[in-house]
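There are 2 protein chains.
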Amino acid sequence: MAVRALWFSDGTLHLLDQRRLPLRRTVLHLRKVSAVAEAIRNLTVRGAPAIGVAGAYGMALAAREGRHTPASASRLLASTLPTAHDLFVGIETVRSAWAEGNDPLEAADAYRAKIVGECLAIGDAGARLFPDGARVLTHCNAGALATVQWGTALAPLRVVHARGQKLFVWVDETRPVLQGSRLTAWELKEEGIPFSVIADNAAGHFMHTGEVDSVIVGADRIARNGDVANKIGTYEKAVVARENGIPFYVAAPWSTFDAKSPDGSKIPVEERSSSEVESFGGVRSTPPGSSARNPAFDITPAKYVTGFVTPRGVLRAGSIARALERYARPDPAVG
Amino acid sequence: MAVRALWFSDGTLHLLDQRRLPLRRTVLHLRKVSAVAEAIRNLTVRGAPAIGVAGAYGMALAAREGRHTPASASRLLASTLPTAHDLFVGIETVRSAWAEGNDPLEAADAYRAKIVGECLAIGDAGARLFPDGARVLTHCNAGALATVQWGTALAPLRVVHARGQKLFVWVDETRPVLQGSRLTAWELKEEGIPFSVIADNAAGHFMHTGEVDSVIVGADRIARNGDVANKIGTYEKAVVARENGIPFYVAAPWSTFDAKSPDGSKIPVEERSSSEVESFGGVRSTPPGSSARNPAFDITPAKYVTGFVTPRGVLRAGSIARALERYARPDPAVG
Numbered sequence: 044m045a046v047r048a049l050w051f052s053d054g055t056l057h058l059l060d061q062r063r064l065p066l067r068r069t070v071l072h073l074r075k076v077s078a079v080a081e082a083i084r085n086l087t088v089r090g091a092p093a094i095g096v097a098g099a100y101g102m103a104l105a106a107r108e109g110r111h112t113p114a115s116a117s118r119l120l121a122s123t124l125p126t127a128h129d130l131f132v133g134i135e136t137v138r139s140a141w142a143e144g145n146d147p148l149e150a151a152d153a154y155r156a157k158i159v160g161e162c163l164a165i166g167d168a169g170a171r172l173f174p175d176g177a178r179v180l181t182h183c184n185a186g187a188l189a190t191v192q193w194g195t196a197l198a199p200l201r202v203v204h205a206r207g208q209k210l211f212v213w214v215d216e217t218r219p220v221l222q223g224s225r226l227t228a229w230e231l232k233e234e235g236i237p238f239s240v241i242a243d244n245a246a247g248h249f250m251h252t253g254e255v256d257s258v259i260v261g262a263d264r265i266a267r268n269g270d271v272a273n274k275i276g277t278y279e280k281a282v283v284a285r286e287n288g289i290p291f292y293v294a295a296p297w298s299t300f301d302a303k304s305p306d307g308s309k310i311p312v313e314e315r316s317s318s319e320v321e322s323f324g325g326v327r328s329t330p331p332g333s334s335a336r337n338p339a340f341d342i343t344p345a346k347y348v349t350g351f352v353t354p355r356g357v358l359r360a361g362s363i364a365r366a367l368e369r370y371a372r373p374d375p376a377v378g
Numbered sequence: 044m045a046v047r048a049l050w051f052s053d054g055t056l057h058l059l060d061q062r063r064l065p066l067r068r069t070v071l072h073l074r075k076v077s078a079v080a081e082a083i084r085n086l087t088v089r090g091a092p093a094i095g096v097a098g099a100y101g102m103a104l105a106a107r108e109g110r111h112t113p114a115s116a117s118r119l120l121a122s123t124l125p126t127a128h129d130l131f132v133g134i135e136t137v138r139s140a141w142a143e144g145n146d147p148l149e150a151a152d153a154y155r156a157k158i159v160g161e162c163l164a165i166g167d168a169g170a171r172l173f174p175d176g177a178r179v180l181t182h183c184n185a186g187a188l189a190t191v192q193w194g195t196a197l198a199p200l201r202v203v204h205a206r207g208q209k210l211f212v213w214v215d216e217t218r219p220v221l222q223g224s225r226l227t228a229w230e231l232k233e234e235g236i237p238f239s240v241i242a243d244n245a246a247g248h249f250m251h252t253g254e255v256d257s258v259i260v261g262a263d264r265i266a267r268n269g270d271v272a273n274k275i276g277t278y279e280k281a282v283v284a285r286e287n288g289i290p291f292y293v294a295a296p297w298s299t300f301d302a303k304s305p306d307g308s309k310i311p312v313e314e315r316s317s318s319e320v321e322s323f324g325g326v327r328s329t330p331p332g333s334s335a336r337n338p339a340f341d342i343t344p345a346k347y348v349t350g351f352v353t354p355r356g357v358l359r360a361g362s363i364a365r366a367l368e369r370y371a372r373p374d375p376a377v378g
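Residue numbers (this note's numbering), protein chains in the order written: chain W, 44 to 378; chain R, 44 to 378.
Take these hints with a grain of salt, some might be off.
Quick partial rundown of chain R residues pointing at chain W, CB under 10 Å, derived from the structure [what the hints assert, rightly or not]:
1. Gly253
2. Thr329
3. Pro331
4. Leu367
By construction, these hints were calculated from the structure, which means they are not laboratory data.
Every residue gets a Cβ at the ideal spot worked out from N, C-alpha and C, and that includes glycine.
Looking at chain W on its own, in the form it has when it is part of the complex (with noise of 0.2 Å):
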């Protein structure tokens, strides 16, 4: 059975908890969108195209709990998580079809398909630039459990790996929450996909020792010039990357774009407790006193971008403001 991030049955919002994971696998079972707001905050879903939906199901939990309206609920979502733009996509996608009277539930299951459909074609416009035998690095996880199902980054190397292509995944075990180590790795090991796991601190030295073909990443939010808001370490590895002649892609469905910022520089953030960083797997590495930052994304600027790979092809940065207009829905009005 193929990976699920979440799905929808009997009123109930099914969530892999993905703090859990690798070592365990459990399902929360959620029924009220205050409980949905949690899970997005704590990072039990993660990843800005499953933020999205499980948002756009937490607006339908609301509609149906009787004691909220399309705008309280939609602002109690949209005030869990500030970069992840997908969140106010989904978000607004289903308030829109409340406030004016359609199905809510209707509305998320729409939007739920739409973003599994976006991955799939992300996947075939993506095979292409990963030849036989190609040595590829990702950052955190990009996969079906950041998106559903299939993934961003991670579609086009199911694709060529399903096609027979030889395929090596290097994957940053990227710190502080551990997503490739944890998320990655396990989705991969799942697919049969040969990888090996690396502290962050290594993916520059396989860069310069060759042993990098290319790289390929998802996003939380990309503006309008091709500026990528992305997991912490995502910028160092596009500089090292552009450093060594190494090809640098960004994988995302169009509700990362956000059409309303012109580029990086207003993208707000976010950054959490400091105690992901002073500890790892409940083991504390700081000494007591120490005092941590831990922004959780970085601004990686468009022109270490080799190309955006989505739904409708491999676009470079200039191509995105035409792209949106033609094919990404309209702005959300949170976020």
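Once you've looked at the hints, dock chain R against the given chain W.
Structure of chain R alone, referenced to chain W:
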């Protein structure tokens, strides 16, 4: 009392167990060269200059045991780790004294005193690089723990702090062994120098947002042309520093310079156990059956290094060869 990584008394080498810091302050008492070799291999003592001093005292213990020759003891200790050049210098210094009929312990004591003196000189030489209010990034631990006392990269920071200058240090946690969050944070806390620990992934972000004025690191081996072998991740930080116009300094005593390596291409890079990447503090992060790679060092080409902070001042890469002829001791026969 100042931090000391090791000291020798009553026929015993005392080592602060750096694997247990910062949560436990345990001292190991070693009387055999085989125990010293194991302590070097398992990172009880680490940091190239401190490893060199431990190697020197290991030779002195071997001479006392009575069942080793200078050559056999030298081979045993030199086989522990391949990258840190200081190890071979420390061993060779005592080996040649012993082979010539001089007191090995006196030679080891003299070697320790020389390294401590050079670290003090590095502190004085490097202090002018850090003006009042400097915000300095460091990677791994190149402090007292890495060098017996004072440190290499941390020595100039200790000096400017002691002078009453304002100073802030960004501490890369330095996965996989976390020498930054465990050791550098501990040293800075003991000194009262303000700092924040960050995930290695965040270093580039803070460089890019203008919050890092300069970078200073230690080294495990420096080739004659200025290529630097240092803790994995150093290369990434150096590339991103240059991309952002931030000075990048490497501080080291003469024992770290390897006149026999014309450049970094032939420096052996140790690959350590994948278990260091797959877990922390006994907590596993990757799925069972996962695979990991764990290069412990990387090579930073000389072009990324703004200056080398040596006991004789701050040098450009082009001046290293001549400085070695003047100031460094002859090349070791081992290594």
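Evaluated hints:
1. For glycine 253 of chain R, the interface hint is violated, since its Cβ never comes within 10 Å of a Cβ in chain W; the closest pair sits about 12 Å apart.
2. Evaluation of the threonine 329 of chain R hint against chain W yields a held restraint, the C-beta minimum of about 5 Å falling below 10 Å.
3. For proline 331 of chain R, the interface hint holds, the least distance from its beta-carbon to any beta-carbon of chain W being 8 Å, beneath 10 Å.
4. Among the interface hints, the one on leucine 367 of chain R is violated; its C-beta lies about 25 Å from the nearest C-beta in chain W, farther than the 10 Å criterion.
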